[in-house]
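Protein sequences, first through last, are from chains X and G.
Mind the numbering: the first sequence is residues 19 to 253 in the numbering used here, read in order.
Mind the numbering: the second sequence is residues 19 to 253 in the numbering used here, read in order.
Calculated directly from the structure, the hints in this document are not laboratory data.
Incorrect hints may appear among the rest.
In this list, chains with the same sequence are indistinguishable; a pair is considered to hold if it fits within one copy or across any two.
[As the list claims (entries may be wrong)] Derived DSS-like pairs: lysine-lysine, alpha-carbon spacing no greater than 30 Å straight-line:
id, residue 1, residue 2
1, K40, K63
2, K129, K66
3, K113, K129
4, K66, K181
Given the structure is predicted, the values throughout are model-derived calculations rather than measurements.
There are 2 protein chains.
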Amino acid sequence: MTTLIISSNPNYQDSGLNQFLKTSSQWLGNSIEWLQLDEIYPEAKYTKKQIEQEQSRLQQADKIIFQFPMYWYSAPASLKSYLDQVMTNQFVNIKHSLQNKSLGIVVGIGKNLQSYQAGASENYTISELLRPYQAFALAAQMKYLRPLTINQFSYMNEAEKMKLITSYLNFIDNIIALTFDEKQAWIIKNLKKIYNDDETKKDRLAMIIDQIDLRKAELEELKDNINLIKSQEEN
Amino acid sequence: MTTLIISSNPNYQDSGLNQFLKTSSQWLGNSIEWLQLDEIYPEAKYTKKQIEQEQSRLQQADKIIFQFPMYWYSAPASLKSYLDQVMTNQFVNIKHSLQNKSLGIVVGIGKNLQSYQAGASENYTISELLRPYQAFALAAQMKYLRPLTINQFSYMNEAEKMKLITSYLNFIDNIIALTFDEKQAWIIKNLKKIYNDDETKKDRLAMIIDQIDLRKAELEELKDNINLIKSQEEN
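Based on the provided sequences and hints, a complete structural model is requested.
This is how it looks when you write it as structure tokens:
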């Protein structure tokens, strides 16, 4: 299975979340292709040849991910430019070129997830706000996956980030079938690989591995504390 | 009252609907400002000065209209670029610069309105698909108006187009308080003004005025027929 991650983020260079997800995705190797729209197409104008290239890239993927930070309740303009120009009527509606592929949305939000419900500050759920993408999946005869919502990445501690890696890798690839222990083992294995490969990330990764490998109990306690704080925030 | 119409349409020059609405809006004179995004900002990149200009333009309006053809279940990318760049956090969330203004959506769709409901081909209502704009209005503390949906403009006959003018002018300005007869008189007066001003539109407008002025009964019959055809389509 191959996954095409279409990342839309005008500030991709400064985005900690984007970098974090990109690094995580690389652990899956060649089965993942990462398309940073704002980097490759800074003008957001596609030539006929580029449209054909992008359509070919889409056709080769089994799973397509739209990944972006929420900008005014939808993706930044670069994703819309891509949809408007690459997803032609001929490609999607007539040739049914995306039929039976999966469409996943990975969306970063700056506010607490609980703000996104009726009566709360944002008033609408993430599901409602993402409806245009769901409608697109329906029109394209794609399988629309349950979105992965990442809230307040910048406030996450190491344990939460580890959990995010697992959720993200599950979402973009097929490690979902593994048990929890197998997942941990899989991640540690991959982390160790990077630990050996990449000197610059050495300290940070060693710390993460220590946390998983040796301090599981502490992590559980940390998690309980986070949940406690969260439940207090809710009240 | 002044209304700012922000029209997003990459094919604005070839769009019959866009031209039709622009001409109609001109009848309201100086109270309407028309901003054709794709014409003024073909690169969809806003300089600091342009952002300030656009923010100033927004502040002077009482009513703001986002007007566009539906492209993959939302506005074309040019409106999103405008939102992403002009509607800054500082302007909208901190200064509350749009507070108490109205936000209206005028959206053109190519399919029958009945396709936009649960179980029909599009499966989601226009209201649902426009949720991101409604959420924006909420965040900006604006009054969100009931959207004006224009379906299948290219199939409309003259009578339907006349009805559209009335609906549209009601929507963008305050002629809503007039009675039906006053509205007809108002439109005829304005049509006649243009008829005298603009030689190129002479024949077309004369025909429209004839239809309203002299063939009201026939128009009613036409309307009944349309309704009959519509109700048969529904079954």
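If any of the earlier hints don't hold here, list their numbers in rising order.
Per hint list: single violation, 4.
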